[in-house]
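Required output: the full structure, derived from the provided sequences and hints.
First to last, the protein sequences are chains X and C. The numbering of the first sequence is my numbering, which starts it at 9 and goes up by one. The numbering of the second sequence is my numbering, which starts it at 498 and goes up by one.
Read the hints as simulated data drawn from the structure, not as lab findings. Quick reminder that beta carbons are idealized off the backbone N, C-alpha and C, glycines included. Worth double-checking, as some hints may not be accurate.
To be verified - Here are some, though not all, of the chain X residues that point toward chain C, as calculated from beta-carbon distances under 7 Å:
#1 A14
#2 V25
#3 A54
Residues per chain, in single letters:
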Amino acid sequence: MSNNNASNNLIIAQRAVKQLRLEASIRRIKVSQAAADLRNFCMQNASKDPLLMGVPSSDNPFRPPKSCSLF
Amino acid sequence: MSEWCICSVFALQKVSIIIVIFACVVCKYIIYLSEVQLNETLAHLKTESETLKSKLEEERAKLHDVELHQVAEKVEGLGQFVMKTRRTLKGHGNKVLCMDWCKDKRRIVSSSQDGKVIVWDAFTTNKEHAVTMPCTWVMACAYAPSGCAVACGGLDNKCSVYPLSLDKNENLAAKKKSVAMHTNYLSACSFTNSDMQILTSSGDGTCALWDVESGQLLQSFHGHAADVLCLDLAPSETGNTFVSGGCDKKANVWDMRSGQCIQSFETHESDINSVRYYPSGDAFASGSDDATCRLYDLRADREVAIYSKESIIFGVSSVDFSLSGRLLFGGYNDYTINVWDVLKGTRVSILFGHENRVSTLRVSPDGTAFCTGSWDHTLRIWA
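Next comes the structure, spelled out in structure tokens:
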């Protein structure tokens, strides 16, 4: 019945408004601060990043060693 | 006498008819009024939702005082990268759809369209286990944190867990445990911090958290308006949240305990195929069919970077960060992998090798290499 549809739409709309109210109320920080934190994290961890720094072939299990050793 | 009786009966009939008609009219008017009231409340709610949406945009814009690449101007640029295919894993009979690394940084599980799930030793390229699923298009697979089991699923609408045994001859399919049940295809799955719980996302528009032992549904997450295509759990230090991306172009951040959607981002122009948390847990990246990757910061509650080029027109199927978060790897439908400088927003490298679209990409747990799976039936390890 058209009444049922209307009340379904009502429930959906009520939920949407409730969700939006929740999202509007969260605390936010400035992009400058967030960006600075991202940059600092990158800088602090850069030395430990093998794909970024490159790892000598002998340490990286995937890179083939330059010379073969015979036992 | 009889004439008078007949007249009065006639009159009574007329009056009763009039009363019934009047009652009908009043009833209809009451129904009409309640419908009008409902419609008014609906309209009222719609305007409130519009106002809230624009207020949200305003609040987000107020804090947008600088761009990420501006903050990164003083940071040293990255040099040339030499990354090559170091291993090629061949053995799948059809498109590779998904892969995952084991925590031992050496084993890989991959799943493909032909229904096969294979566990590989990436160092030696040997196949350690193989399972044939009862369905085709196994779109999701995941390694358990202990390394003792794998989970997979796809068109069967289920997520099944297979314990891996050391005995190579044992039939793995016999020990299969069905954990998740959805009403549409399984698009992604991931174990949480232990082997005991699995998080799944599905084409039915929901995500769900399951207990592996009992198969019980612990929590379900409703909010996407269309198929959910991907999910990623926050790094363990940052708490119980996960992010999901879907065909409704939205990326939602969820609280695992309450089932509530805590943040939502809608800036992509097409389906979001892949989401991945930044290593610190404060941001996440997404890759979409609109050919862009985007970075969203959770504390600033907005998109902070777009990684795109005019020459890139094919969609991104999967993204992942390097260990420090400085590099973002994207697997594209034009068979290439683009490597982006996350801070500066520029592309540092483009990698060729696959002969069909790249469908899945994951960096190894220790960050020494990354693996890609493709529709060309192979997986490649790059370092």
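Here is how each hint holds up against the structure:
Of the supplied interface hints, the one on A14 of chain X holds, with its beta-carbon coming within about 5 Å of a beta-carbon of chain C, less than 7 Å. Interface hint at V25 of chain X: satisfied, since its Cβ lies 5 Å from the closest Cβ of chain C, which is below the 7 Å cut-off. Nearest Cβ of chain C to the Cβ of A54 of chain X: about 5 Å, under the 7 Å cut. The hint holds.
Going through the hint list in order, the structure satisfies each hint without exception.
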